[in-house]
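> The residues making up each chain are set out below.
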Amino acid sequence: MTSFDELRTDLIALCAQIEEQATAQDAPGVAREIADAARRLAEGKLRVAVIGEFKRGKSTLINVLLDREPPLLPVGRSPRTRMIIRVEYGEEAYFLTDRSGHSTRISREEIGEYAAEPDDAAAANKAEALQVLIQLPHEKLRSGLVLLDTPGVGGIYAAHDKVTDDALAEADAILFVAGLSEPLTDGELRFLERAGDAVRARETRDAMLIAFNQIDIRRSYDEELEKCREDALDRTRLQRSELPVLPVSARSKQTYLIHHDLAFLEASHIPELEAELWSRLLRRRIRVLLGDAADRARQSVDRIIEPLETAENGLRHKSGAELLRLAHEIKDGRTRLATLKSESAGWRQEIASKLNDLGEKMIDRCEQECAAIWQRAETDYLRDQYYLVDPSRLGTQLNGRFRSQLHGVDEWAAREASRVQRDCAARWQLESPDASLGTIAGVSILDLPDYDVLQERIKTVTRTTPVTRVYIGERKVSHNSGKKANVLQRGFVTAGSLFGDRGKRWAADVAGVDLVPQYETHDGETYTEQISEGYAQKDLDRRRKELQDILDTARDRSGELIRQSVAQQITAMSAGIELEMEHQIKLEDETLRRTLPLLAVREAETREQADARLAELTETMRPIKRLRKLVQVLEKDISRLIADAA
Amino acid sequence: MTATLADRFRQTLAEAVTRLDGTPALAPVRAMLAERAALCDTRLRVAVIGRVCQGKSTLVNALIGQPLTPTGTLELSYSVNHIRYGSPPSLTVHYKNGTIAVTSLDQLEAYAAHRADNRDLLASIAYLDVVSDQPYLRGFDLIDTAGLDSAQGEDSAVTLEFLRKSREELETETTQEADKADALLVVMGKRGLSAIDQERLRAFLGPEMAGRSPVTTIGVQTKVEDFWPDAEDPIAAALQCRDQMLANVDVRSMLFEVLPVCGKLAETAAGLGVADVADLRELAAAPETVLELSLQAVQVFEREGRGLPLTGSRRGELYEAFTGYGLKIATCLVRANKDITAAELREQLQEASGINNLRDRLTSHFAHRADLLKTKLTSDLMIRAERSLYRDLGRADRGVLDGVTAMINTYKHELGLAELELLQRVQTGALPVCAADREEILRLIGEYGKPVHSRLGLPPTASLTELEARAAALHDHWRRDGDALVGRESADTLVRRCGNLKRDIRAARSHLEDPQ
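Chain order of the listed sequences is A and B.
Numbering (our numbering) for the first sequence: 681 to 1326.
Numbering (our numbering) for the second sequence: 5 to 520.
The shape of chain A in the complex, shown without the other chains (with noise of 0.2 Å):
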């Protein structure tokens, strides 16, 4: 099976053809125009996001994953990572980038430096975010692979949570770490929930796989796993098939690689983590980058080529009459071209309607989609202890689902867009075109003052324990009379009773006495004792009025905050599409401007001439039809691949 990045590697050097054929054919446009996809599909990134709570040995399934012994990224006992390391292919090199975009080369041994954690929590609290960016000459990351490595989550260091709520904002795909040392918490389930929320797993496939590290301290693990497994589904409402938990060990692969002793590698299960990332990661991917750029090779192809048909097709025809058609024809087709270029307003004038249309739905999609959540938050919400006494995790829960819920919107809307330039494209009789669009999830919605963590109040209650009864002995009875037993009965039991239990039953039989069993009943007891009565009714209503309001006046703004949005990427849109209208008008131009001199055949000329020439354009399309056999070679492969993926 041939794999993506040989695929992409193929892909890439057919382009790079397709490019020098365009360029000899005098087709600047289309040389541009797939040296833009071959560029495009090199570039074509998909980042994924390794997230866990710290100590799960997220940096060491990294520095694994990508064969580094000895390790690349800081590995240590205590939280390591306070900032998000980046992974990509490149030469190796290592840089520092600050918050203004600013990059600074660094040297191997720095990232430890940098990316650890200061012994001062306070300061690692305050530290200023920074990013380390890896560039490394490695397989695996060629296909356009870029790794996030994020602090530990629901750790020890807060600012750690917001660092990686950056990182999931940015990735297209979740890999969670869990552990065998010790089961999900909730606080990581709760941040599995938001992850998956971030790459919209519900809606798209293969968007999460979780690592179930640290498996070589366990003989048995199933129960664990299993465990984890359904924690992981109740939380994410995911399917099974949708969530594979993979049971490895990210140090034994460590070991294989330090001792190259393969039993270590077969014990770590990496290979099988690897092959289920890669295959998810690639399914995720392979539509969208080597779809596009196969598609856009096979029209270049037919754009360089389509010149040379129209004139071997004229030349076949013995009269020359269908020449001429043809050049007419052509000529009419550059002058309906230049209408539209002078008379442009119209098809602009369409454009812009449509798109207003679209922003209409959009604001009118956005807003649906925000009451809900709007509404959730205060029938929900606010009424969840957990979100009162911390209103933080009520901003990054709310924040997280309006982002979640606005992406939404913004796949919609460019799809919609697509249509509308599809739509103006055929109209105008110009190939269908396609243009990548802005998004407005950006938006940040809520912004939530610091609010102080509640405390629980603790009462004092007086309890009484339960009355007890406890066996003291037996009462001897006389049998005859129903009184206490006499002198003589009471001795002879006694006496009886030093051969055991049943002499003392049988002396006891014998001198016509009842056993009688006695208990002592104990009163209860009065005690104190503290119990948590929970947080104060009235601060939680307090902070309920006071969030409340925060909500409303924020729900008021934020119509007016999504309608900017809207308006800004509806006049990004436009441009976007007229641009891409002109380019193709330019497009079109230049193949009709190429093909009218090769019809310039005279009547004239001989059937020899006509003949020769005949050969000589066979021979120019000669290597052109060669390269449309392989983009159709290569589309084949792509859907194969796609259909084995799946």
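Keep in mind that the hints were calculated from the coordinates and are not lab data.
Misleading hints may appear alongside valid ones.
FRET-style restraints, in silico, Cβ to Cβ [what the hints assert, rightly or not]:
| no. | chain 1 | residue 1 | chain 2 | residue 2 | range |
| --- | --- | --- | --- | --- | --- |
| 1 | A | Thr1251 | B | Val253 | 44 to 54 Å |
| 2 | A | Glu954 | B | Glu308 | 21 to 31 Å |
| 3 | B | Glu355 | A | Ile938 | 47 to 57 Å |
| 4 | B | Val294 | A | Pro750 | 21 to 31 Å |
Taking lysine-lysine pairs in the DSSO-like style, the calculated list, with each CA pair at most 27 Å apart, reads [claimed, not checked]:
| no. | chain 1 | residue 1 | chain 2 | residue 2 |
| --- | --- | --- | --- | --- |
| 5 | B | Lys416 | A | Lys1139 |
| 6 | A | Lys1034 | A | Lys1266 |
| 7 | A | Lys820 | A | Lys1316 |
| 8 | B | Lys342 | B | Lys416 |
| 9 | A | Lys1139 | B | Lys100 |
| 10 | A | Lys1139 | A | Lys1156 |
Just a sample of chain A residues kept apart from chain B, beta carbon distances all over 10 Å, derived [claimed, not checked]:
| no. | residue |
| --- | --- |
| 11 | Gly867 |
| 12 | Arg898 |
| 13 | Asp1291 |
Beta carbons are placed, not taken as given, at the ideal position from N, Cα and C, and that holds for glycine.
Guided by the hints, dock chain B onto chain A, whose structure is given.
Only chain B this time, still in chain A's reference frame:
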């Protein structure tokens, strides 16, 4: 010789209880003080709390040196166990309906572990009273609580349902038990307390941690052996993790100290038998490099065909019991001393696991200070009780309560309690001092040993003259510079201690010079 602190305090409590007779509004205070008075004579009670699945039961077993409570990765020990020293060993089951059944300790599992057939039985139990004759329990009683369930969410709900207990009931049970305890052992994973754990612990300790002070709260990192082989020395790795955690002021204000323990290794080591030693000997005969490499993953270690002694499944069993690090240590010990006995190996492995250190700390810190800690806890509880009641009291009742509070409060000025206060302030970082001063303060207040020479930082062989000179120098130092270094109150405590030491040395000298 004056009466001991415990004797005097017991008397004071008795008086206080009598004074509170006949004031119904103050009944809760009276009940509290009566309970505290009753507890004066008992051993120090240490409650073990912690999130489930953090190795709490394993730790309890390891501490006792005998497998008492059921362990298991997903096993939640939802019954509360009181474990105390005594002979002969027995098990008393206290049912919720108030009845009591005495049975043998072998029956423990039936009353404490989930099985298919004991649901109703478990649900009806209030708590188990375990009497064990393990010598490690001599210093204190242990209360193994149900667990501070913070983050387990739904899965423990299943178990709760199984036991027909509500989450609140469980929490209340744990709180109740812990509240009756004199000290807390907070069990955490090897990574330390997560943010949620911290939040949970803080909530558990209560507002302003009334009734609880860090002096009575020790943290234990369990599962420390899992740091190996990433770290050559897992205990050192755990300490590093701990220091990072303690850099957080919030955490330091809750925990007196945190000690790392390889729980699983300690538990297994305590029950080490002759057959185990034989197997370990066979293992140790394998080439060290081959063995140590294979130990890095159980899946590799139990594989056949790697030239390792014993059968694969036996190796797997050993790994589960000892952990990889434990096997490494054990085989090293066996290799170093071929004739090692089971008893020796048991002792050395427990030492390596960190459990001995924990036991020592519990003894030196908790058991040796039992009276002080109990006194302190009572006075803290008094403050809490006063705070909650005072506002609703009439004038007469207030007078009585003030009187009683004053009686209890006089103990705060006892040197021992003042030292405890100072210890707490130093340990939690509330009193910032340089490392050298810190050491000296801890030495003086007896944290490193009660004998005079230990407090003065001199060897046991130091002469009386040397001791006297040192005590005088320290006395002068703290009297002169103390206020500036540690503040008036703390300086007073240290000066008083130095004065006491001087007096003791003088007394010793005169006794030696004139034995009559």
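> Could you check the structure against the hints above and give me the numbers of any it violates, in ascending order?
3, 8, 10, 11, 12
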